[in-house]
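Protein chains: 2
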Amino acid sequence: MTRWLEGDQIEQDVAISSRIRVARNIKDYIFPLYLSLEDSDKLTNDVLHTVKEEFRGNNFRFYRISDLTQTERLAYVEEHLISPGLIQKIDKSSFLVRDDEKATIMINEEDHIRIQTLIPGLNLSEAWELCSEIDDKLESRLNFAYDSELGYLTACPTNVGTGLRASVMVHLPCVTMTGNINALIESLRKVGLTVRGIYGEGTEAIGNLYQISNQTTLGDTEEELIDKLNKIIYQVVTKERNTRKYLKEKKGIEIEDKVYRSYGILKNSRLMSSQEAMKHLSNVKLAYDMGFIANKGLKDIFKLMVDIKPAKIQMSSNMELTKEEEYKIRAQIIRDYLSDMEG
Amino acid sequence: MTRWLEGDQIEQDVAISSRIRVARNIKDYIFPLYLSLEDSDKLTNDVLHTVKEEFRGNNFRFYRISDLTQTERLAYVEEHLISPGLIQKIDKSSFLVRDDEKATIMINEEDHIRIQTLIPGLNLSEAWELCSEIDDKLESRLNFAYDSELGYLTACPTNVGTGLRASVMVHLPCVTMTGNINALIESLRKVGLTVRGIYGEGTEAIGNLYQISNQTTLGDTEEELIDKLNKIIYQVVTKERNTRKYLKEKKGIEIEDKVYRSYGILKNSRLMSSQEAMKHLSNVKLAYDMGFIANKGLKDIFKLMVDIKPAKIQMSSNMELTKEEEYKIRAQIIRDYLSDMEG
Numbered sequence: 109m110t111r112w113l114e115g116d117q118i119e120q121d122v123a124i125s126s127r128i129r130v131a132r133n134i135k136d137y138i139f140p141l142y143l144s145l146e147d148s149d150k151l152t153n154d155v156l157h158t159v160k161e162e163f164r165g166n167n168f169r170f171y172r173i174s175d176l177t178q179t180e181r182l183a184y185v186e187e188h189l190i191s192p193g194l195i196q197k198i199d200k201s202s203f204l205v206r207d208d209e210k211a212t213i214m215i216n217e218e219d220h221i222r223i224q225t226l227i228p229g230l231n232l233s234e235a236w237e238l239c240s241e242i243d244d245k246l247e248s249r250l251n252f253a254y255d256s257e258l259g260y261l262t263a264c265p266t267n268v269g270t271g272l273r274a275s276v277m278v279h280l281p282c283v284t285m286t287g288n289i290n291a292l293i294e295s296l297r298k299v300g301l302t303v304r305g306i307y308g309e310g311t312e313a314i315g316n317l318y319q320i321s322n323q324t325t326l327g328d329t330e331e332e333l334i335d336k337l338n339k340i341i342y343q344v345v346t347k348e349r350n351t352r353k354y355l356k357e358k359k360g361i362e363i364e365d366k367v368y369r370s371y372g373i374l375k376n377s378r379l380m381s382s383q384e385a386m387k388h389l390s391n392v393k394l395a396y397d398m399g400f401i402a403n404k405g406l407k408d409i410f411k412l413m414v415d416i417k418p419a420k421i422q423m424s425s426n427m428e429l430t431k432e433e434e435y436k437i438r439a440q441i442i443r444d445y446l447s448d449m450e451g
Numbered sequence: 109m110t111r112w113l114e115g116d117q118i119e120q121d122v123a124i125s126s127r128i129r130v131a132r133n134i135k136d137y138i139f140p141l142y143l144s145l146e147d148s149d150k151l152t153n154d155v156l157h158t159v160k161e162e163f164r165g166n167n168f169r170f171y172r173i174s175d176l177t178q179t180e181r182l183a184y185v186e187e188h189l190i191s192p193g194l195i196q197k198i199d200k201s202s203f204l205v206r207d208d209e210k211a212t213i214m215i216n217e218e219d220h221i222r223i224q225t226l227i228p229g230l231n232l233s234e235a236w237e238l239c240s241e242i243d244d245k246l247e248s249r250l251n252f253a254y255d256s257e258l259g260y261l262t263a264c265p266t267n268v269g270t271g272l273r274a275s276v277m278v279h280l281p282c283v284t285m286t287g288n289i290n291a292l293i294e295s296l297r298k299v300g301l302t303v304r305g306i307y308g309e310g311t312e313a314i315g316n317l318y319q320i321s322n323q324t325t326l327g328d329t330e331e332e333l334i335d336k337l338n339k340i341i342y343q344v345v346t347k348e349r350n351t352r353k354y355l356k357e358k359k360g361i362e363i364e365d366k367v368y369r370s371y372g373i374l375k376n377s378r379l380m381s382s383q384e385a386m387k388h389l390s391n392v393k394l395a396y397d398m399g400f401i402a403n404k405g406l407k408d409i410f411k412l413m414v415d416i417k418p419a420k421i422q423m424s425s426n427m428e429l430t431k432e433e434e435y436k437i438r439a440q441i442i443r444d445y446l447s448d449m450e451g
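In order, the protein sequence lines correspond to chains V and B.
In this note's numbering, each number is its position in the first sequence, counted from 1, plus 108.
In this note's numbering, each number is its position in the second sequence, counted from 1, plus 108.
Think of the hints as simulated: they come from the structure by calculation, not from any bench.
Quick reminder that beta carbons are idealized off the backbone N, C-alpha and C, glycines included.
Possibly wrong hints are sitting among the right ones.
Keeping only pairs whose Cα atoms sit at most 30 Å apart, straight-line, the calculated DSSO-like set for lysine-lysine is [stated by the list, open to error]:
| hint | chain 1 | residue 1 | chain 2 | residue 2 |
| --- | --- | --- | --- | --- |
| 1 | V | 359 | B | 431 |
| 2 | B | 358 | V | 387 |
| 3 | B | 387 | V | 431 |
Residues from chain V that keep clear of chain B, each with C-beta distances beyond 12 Å, as calculated [to be verified]:
| hint | residue |
| --- | --- |
| 4 | 145 |
| 5 | 177 |
| 6 | 261 |
| 7 | 326 |
| 8 | 369 |
| 9 | 370 |
| 10 | 377 |
| 11 | 378 |
| 12 | 433 |
Pair ranges (Cβ atoms, derived) [said to hold, decoys possible]:
| hint | chain 1 | residue 1 | chain 2 | residue 2 | range |
| --- | --- | --- | --- | --- | --- |
| 13 | V | 290 | B | 323 | 53 to 63 Å |
| 14 | B | 356 | V | 166 | 50 to 60 Å |
| 15 | B | 199 | V | 360 | 44 to 54 Å |
| 16 | B | 444 | V | 237 | 46 to 56 Å |
| 17 | B | 387 | V | 287 | 22 to 32 Å |
| 18 | V | 427 | B | 387 | 54 to 64 Å |
| 19 | V | 116 | B | 450 | 32 to 42 Å |
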């Protein structure tokens, strides 16, 4: 799993992943919230038929949310393949995921169709290309609700227009450490972007991971929105890099101490909560990106961050795990991963 | 340095060291506090002459406190070779330390002469034998103040009689962890023993190390005092061992997690305070004694506890160290020690 993280990555010392999603609705059906189960089945079949016809070369796996266990649902959310919103209403929603996991088509989330593409590193253009291609293919057979003045119509007015949300997940441990993160978030908000911590509440970011995305979907073309976000992300990347350089110069030994302690804890602990693991893995990623620990295996530490999420751990067992068992398995997975890397 | 820790050790999973000291005064001189510098020199020469005559085979090194730097003085205290009291009045006090460091003769501490013997592990009888032998030799040439009713006379009434203090340093991480330490201290007090944390304030023990010693010096013979202390220490040792067994059974994974984390931090940190080091080294000693980490080199971890004390670290450098430099050197010493052990 978490196959979408494979491949070349651009600016991966700061940018973890680039994501595009577009919201689309089919004219002949009412929005998902009020859609009957019968119509939902009909709509789902329409989408499945389209995918079957249009993507003969590509393999998409299809899952109905109601067919999955709650643990499986959460694991897909943890892998960023589907949105938390999709598993709220289990009777109508389903999704298709491409074999390389870089594209997902969600059916009956807030909108009838949400196409999501995920590319590792900073690569919004590739994500957009892929998303746009899938969108075009679906639109060739499905009658999308579109207004010539407003653009694509969506269940929530905030998505009307392009229906597009572009976002980049960034790792900002040093900007966070120096306390400059709040000013950064504020300045990003002023240019119309949203910043939220990944997995955390509000802006509190677990693992120093932040998702930066466009707020508005109306008024600009898709390319303009993406280009604007891309430029700003490069500024954020530069800010984090400069802060790392500054800290390495001014507080090198303190940072080195901090990241090596995290490394030592991860390599030795026998019980590990998800939240604590994220904190230490963030430090270990920083250790690699700042050149403190040269181990090549640390390049892909974000994969490990995904693999040690609660539902993913639960999936490795046939029995309902207690917290202690979950913590024990997580600590073991991390130790094995880090010792394999060294071996 | 810290040579006194070498040799066979009894009950060393809990008992670190056994110490005997006797207080003696010479009839012809007033107590050290009011002793003139001239008389102090005379008394010192009397002792030196006696040692020279009586211990022809054994080498004692002689140090005047006034000839030592403050860092050197503190390092001798950290090694437990001299008492903190000896370096308070630098003009009159001096000491002789035997080459194997198992015996020290302090001159003009609170009393004219304090003989101290230190044996690793639980071995009060050997400590007493050695102390008694030195005492006899000194007494053969020096006229000790002695009252046929009271016994040896001392500057402080609490030492009158045998002038003897016997103490054992014990490592009680599990009794401390379970919170039973306060009840234990209380019960030891009731049978006339004193318990204090080593290096800590009051009963707060840094590194879970406690010194248990006799309170009274009057009424019993030396052998009775020592025998009584010895029996009680065995009870304390048993209590700590039983608590370890209990915790291993009931909370094995939590203890394992705790001690391995300390091990990981010690093997990786780049900055380390003395107090934090003691906490983790205590856990690592426990890890060895409970069989979690089999590394033989951990058997002598208490030596490392002594070697990373502030003055000992300072002595490794020619310049006055900043706190950060001290912390850096300490972290390095610990990493080197632990990686040497593994290699």
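Do the hints match the structure? See the list:
no.: 1; hint: 359/V to 431/B; in the structure: holds (14 Å)
no.: 2; hint: 358/B to 387/V; in the structure: holds (29 Å)
no.: 3; hint: 387/B to 431/V; in the structure: holds (27 Å)
no.: 4; hint: 145; in the structure: holds (47 Å)
no.: 5; hint: 177; in the structure: holds (27 Å)
no.: 6; hint: 261; in the structure: holds (54 Å)
no.: 7; hint: 326; in the structure: holds (51 Å)
no.: 8; hint: 369; in the structure: violated (5 Å)
no.: 9; hint: 370; in the structure: violated (8 Å)
no.: 10; hint: 377; in the structure: violated (5 Å)
no.: 11; hint: 378; in the structure: violated (4 Å)
no.: 12; hint: 433; in the structure: violated (10 Å)
no.: 13; hint: 290/V to 323/B: 53 to 63 Å; in the structure: holds (58 Å)
no.: 14; hint: 356/B to 166/V: 50 to 60 Å; in the structure: holds (55 Å)
no.: 15; hint: 199/B to 360/V: 44 to 54 Å; in the structure: holds (45 Å)
no.: 16; hint: 444/B to 237/V: 46 to 56 Å; in the structure: holds (53 Å)
no.: 17; hint: 387/B to 287/V: 22 to 32 Å; in the structure: holds (29 Å)
no.: 18; hint: 427/V to 387/B: 54 to 64 Å; in the structure: violated (36 Å)
no.: 19; hint: 116/V to 450/B: 32 to 42 Å; in the structure: holds (38 Å)
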